[in-house]
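J.: Each chain, letter by letter, is given below.
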Amino acid sequence: MNPVAEAPAIRRPAPPAPAAHGGDDAHGGHHEPESFWRRYVFSTDHKMIAKQYLFTGVFMALVGGFLAQLMRVQLASPGAEIPGMGAMHAGQYNTYVTMHGTTMIFWVAMPLLLGAFGNFLIPLMIGAKDMAFPRLNMLSYWTFALSTVVLLGSFFVPGGASPVGWTAYPPLSANPQYSGNVWGVHLWILAVALEMVAFLMGGINYITTAINLRAPGMRMKDLPLILWMQIVASVIFLFSAGPLVAGAVMLLLDRTAGTGFYNPAAGGDPLLFQHLFWFFGHPEVYVLLLPGLGIVAEILPVFSRKPVFGYKMILWSTIATGLLSFVVWAHHQFVSGIDPRLAAPFSLTTILISVPVAVTLFSFIATLWKGSIEFTTAMLFALGMIAVFLIGGVTGILNGSAAADIYIHDTYFVVAHFHYALIPPVFFGFFAGIYYWYPKMFGRMMNETLGKLHFWGTTIFVNVTFLPMFVMGLRGYPRRVYDPTQFSSLGDMTLMQILATVGTAGLLLSQVPLLINFFGSLRWGKVAGPNPWRANTLEWAAPSPPPHGNFAAQPSVYRWPYEYSAPGRAEDWHPQHLPSGAAAEGSRS
Amino acid sequence: MSDGATATAAPAAQTAAAHADPHGSVERAATTVPTGRLGIWWFLASEIVIFGGLVTCYVLFRLRHPEWGELAAHTLTPAGAVNTFVLLTSSLTIVLAHDAAARGKHRLASQAMMQTLFCGAIFMGIKAFEYGHEIAQGFTPVAGLFWSFYYSMTGLHALHVLGGMVAIYALQRSVARGEHLRRVEYVGIYWHFVDIVWIFLFPLLYLASRG
Numbered sequence: 012m013n014p015v016a017e018a019p020a021i022r023r024p025a026p027p028a029p030a031a032h033g034g035d036d037a038h039g040g041h042h043e044p045e046s047f048w049r050r051y052v053f054s055t056d057h058k059m060i061a062k063q064y065l066f067t068g069v070f071m072a073l074v075g076g077f078l079a080q081l082m083r084v085q086l087a088s089p090g091a092e093i094p095g096m097g098a099m100h101a102g103q104y105n106t107y108v109t110m111h112g113t114t115m116i117f118w119v120a121m122p123l124l125l126g127a128f129g130n131f132l133i134p135l136m137i138g139a140k141d142m143a144f145p146r147l148n149m150l151s152y153w154t155f156a157l158s159t160v161v162l163l164g165s166f167f168v169p170g171g172a173s174p175v176g177w178t179a180y181p182p183l184s185a186n187p188q189y190s191g192n193v194w195g196v197h198l199w200i201l202a203v204a205l206e207m208v209a210f211l212m213g214g215i216n217y218i219t220t221a222i223n224l225r226a227p228g229m230r231m232k233d234l235p236l237i238l239w240m241q242i243v244a245s246v247i248f249l250f251s252a253g254p255l256v257a258g259a260v261m262l263l264l265d266r267t268a269g270t271g272f273y274n275p276a277a278g279g280d281p282l283l284f285q286h287l288f289w290f291f292g293h294p295e296v297y298v299l300l301l302p303g304l305g306i307v308a309e310i311l312p313v314f315s316r317k318p319v320f321g322y323k324m325i326l327w328s329t330i331a332t333g334l335l336s337f338v339v340w341a342h343h344q345f346v347s348g349i350d351p352r353l354a355a356p357f358s359l360t361t362i363l364i365s366v367p368v369a370v371t372l373f374s375f376i377a378t379l380w381k382g383s384i385e386f387t388t389a390m391l392f393a394l395g396m397i398a399v400f401l402i403g404g405v406t407g408i409l410n411g412s413a414a415a416d417i418y419i420h421d422t423y424f425v426v427a428h429f430h431y432a433l434i435p436p437v438f439f440g441f442f443a444g445i446y447y448w449y450p451k452m453f454g455r456m457m458n459e460t461l462g463k464l465h466f467w468g469t470t471i472f473v474n475v476t477f478l479p480m481f482v483m484g485l486r487g488y489p490r491r492v493y494d495p496t497q498f499s500s501l502g503d504m505t506l507m508q509i510l511a512t513v514g515t516a517g518l519l520l521s522q523v524p525l526l527i528n529f530f531g532s533l534r535w536g537k538v539a540g541p542n543p544w545r546a547n548t549l550e551w552a553a554p555s556p557p558p559h560g561n562f563a564a565q566p567s568v569y570r571w572p573y574e575y576s577a578p579g580r581a582e583d584w585h586p587q588h589l590p591s592g593a594a595a596e597g598s599r600s
Numbered sequence: 206m207s208d209g210a211t212a213t214a215a216p217a218a219q220t221a222a223a224h225a226d227p228h229g230s231v232e233r234a235a236t237t238v239p240t241g242r243l244g245i246w247w248f249l250a251s252e253i254v255i256f257g258g259l260v261t262c263y264v265l266f267r268l269r270h271p272e273w274g275e276l277a278a279h280t281l282t283p284a285g286a287v288n289t290f291v292l293l294t295s296s297l298t299i300v301l302a303h304d305a306a307a308r309g310k311h312r313l314a315s316q317a318m319m320q321t322l323f324c325g326a327i328f329m330g331i332k333a334f335e336y337g338h339e340i341a342q343g344f345t346p347v348a349g350l351f352w353s354f355y356y357s358m359t360g361l362h363a364l365h366v367l368g369g370m371v372a373i374y375a376l377q378r379s380v381a382r383g384e385h386l387r388r389v390e391y392v393g394i395y396w397h398f399v400d401i402v403w404i405f406l407f408p409l410l411y412l413a414s415r416g
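Chains as they are written, first to last, in the numbering used here: chain A, 12 to 600; chain B, 206 to 416.
No lab work stands behind these hints: they were computed from the structure.
Be aware that a few hints might be false.
Unchecked claim - If you want a taste of the chain A side facing chain B, the calculated C-beta under 7 Å gives, among others: (1) 250; (2) 269; (3) 363; (4) 464; (5) 468.
Computed from a predicted structure; not experimentally measured.
Backbone N, C-alpha and C define an ideal beta-carbon position, used for all residues, glycine too.
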C-alpha cells in the first residue's frame, strides 16, 4: 500500500481568492510597533508571546531541576551538609517535593508545550497574521507571569513555600494546624488558580484561532497533526480545569473562612478533593502528552521524507484519547477506600486509553518504515521521545490495573512511571521542537554537534535516574520519604538512590550544551533562510524569523501538509501553499 | 435564543469585522461563525464546568443529607423569586439591546444596556439584603455545610453578575458612540449564561425542600 496514494485530495478546486474577504485592506498597515515596551514586553504579537512563555518556562525548568537535585542529594546521603544550606530538615524536603512537582507540571510543561509552541505555531501553520484575540493573548501571558511571581514569592513568606504535596490533599492542606504552614499554601492555591486562568484564556484563543482563521483552502483535515493535538489538548484543559478551580475555591474557603467542605467533622469529605483534583489532574497528563506527540508527528515525516502514516487514524486516536481521559481519574484512588465495583471500570478505561495512544505510536513507527531517515538532533529527540515514552506507557498498565496498583501504589515505581510518561512529551518533545523550529523562531541554525551531545547526555541520564526507581518501587521503597535511614528495610537500596542522584546531576549538566547552543546560535548560528528543512507546512512559507503579521501576502492552501516523495514529482516535497505543478523554490537554502 | 436577530446581524457583523481596529479584530472567518462569538462560546464552556463542579458536589452532598431541605427553608424564597424575575427581565433587555445593535440603532441599544445594568444592580441589592438577613439569624458561611455551599455558589454567581455588569458598562460607553455594536451580542450571550446558572441555583438552594 503506497501511503502517498491515500494522501487526501491532491487535486481539488482552486481555493477562493483571499481578496473575497476584503478584510485585508482595512487594516493592511500592520506596523511593527516601535517602542521597546510595546515590542518586547507588552507585545500582542503571538511570536513574541511565544518567546516570553519559552524563556519563562526554561527558567522555571532550571528552578524545578535544581529542586529535584536537592531532593536527590538528601535521599542519597541523608543528613549531609549541602554547601550553602546546611543539613536539610523534613519541612524543607516536603517543600521541595511540592514545589518541584508543581513547577514542572504547571510552570514548565504548560508554558513550553502550550504557551510557547501553541502560540508560535498555530497562527503560522494556518496562514494567519496573529491569534484571534491578540490582546487576550497578552493578558494570558501576563496573568501567567503574575502566577510565576506568586509561586516563587511563596518561598520567601514566613513559613516558606507549601509543603503539602503537589496534589494538596486535605486534611493536610485544609487546616494549617497539620502542616504548620499558612501563607505558603495560600499562595500556592492562588498561584495555581492564576495559572489555570491564564491557560484558560490561552486555550480559548488557540481553539478559536485554529477553527476560524485558517487560510483560504485549508480544511480542518488539512491541519498539521500538531495543531489538531494542540486543539484537543486545549479542549481537554478547558473541560477539566473548571472542577479543579471550584475545588481550589472550596479549599481556600476551608482554610480561610472556616467552612468544612473537606472536613468530615463538619459533614464534608476529604475524598471530594481527590475527585475534583484528579478529574483535572489525569486529563492534564494528556494535555501535556498530546502536544509532545504533535511535535513528533511534524518532525518524523520531514526527516524521513515520507508522508505521515495514517493521518486520520492518528486524528481519531487523538480525539478518542481526549474523550477517554475524562473517565480514568479514579485510578488514583484505588487505595483510598474506593468501592471495588468502581475500581473495575476505572481499571478498564485506564488500560483502554493505551489503545489510541498505541495506534498513534505505531503510526509513527510506520511513518519511519523505508524512509530516508536523516538523524538531525530534532529527529533524534523525536525518536527518543517514542522510545522513552514506551517505557512510561507500558508501566502505566501496571498502575492502571487495580490489582497491581494496590501493591505498587505510593512507591518509587509510581515515581518512575510518571517521570517516564511525562519527561518524553515535556522535555524530549520540547527539545525536538526547539531544534526543529529554532531557525524559524530566530532565523539561525543551531549547532548539531552540541545538539547531539545534549541528546545523548539527556537520554542516558534520564534512564540512569529513573530505571533504578522501578526496581526500588517493586521492592517496596515508599515515595515522599524524607529520611530512608529510618527504615531498616530500605538500607540495602542506598546504592540505587546514589545512582539516581548521579543521574539527575548528569541530567542537569547535560542541559549545559543546550543553553550554550541556544544563546550562542542567536549570534553565531548559520543564517537559516525561510525553509532549511525543506518542509511543507505553512510556517516555512514565511520569512525566518517572520515579521509582525507573519506573511507578506495571504497564503492559500492546496493540499495536506505531508506530501513528501510523491511519485512523478522532481522534488521530494511539495509545500502546502504552492499550486499543483509549481516547483518548490530552491532546495536547501 | 435569538435566531432572527442573529440572522439579521450577520451582514452588519461582517462589515464591522472589516473595519475593526487592528488589534482586537477578525482577519477572516473560515467557518460561518464570527470569531468573537466562537470565542465567547468556548469561554462559556469553561465557565460551565466551574459551576458544574460546584453544582455536582452540592447535589451529591444534598442526596446524602435530606435534612438540608429544612435548612433551605431558612432562605428568603420570596426575595429569591423576585430576584429571579429581575434577572430574567434583564435577559429581555439585553436581547433588546442586541436587536437594536443588529439594526444599527446604537442609542436604543445603549438605553437597553442601561436597563440591563439597572436590573443587575437591583439583583445585587436584593442579594445583599438576603445575605444580611441570613447572617443576622446566625446562618453564616460556617454555620454548616449547606450554608457553606449556599454562600460559595451564590457568591460565585454574584461575582459573575458583577463581572457582567462591568463588561456591559464598559461596552455601553462605546455603543453610545456607535462603536463595537457587534460586541453587544457577546456580552448578551454571557449575560444569558449567568441567568441560566441562577435558574439552576434558585431551585437547588431555595426551593427543593425534602430529600
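J.: Now tell me, hint by hint, if it's right for this structure.
T.: Verification of the supplied hints:
no. : hint : result
1   : 250  : holds, 5 Å
2   : 269  : holds, 4 Å
3   : 363  : violated, 23 Å
4   : 464  : violated, 42 Å
5   : 468  : violated, 40 Å
Of the hints listed earlier, those the structure fails to meet are numbers 3, 4, 5, in rising order.
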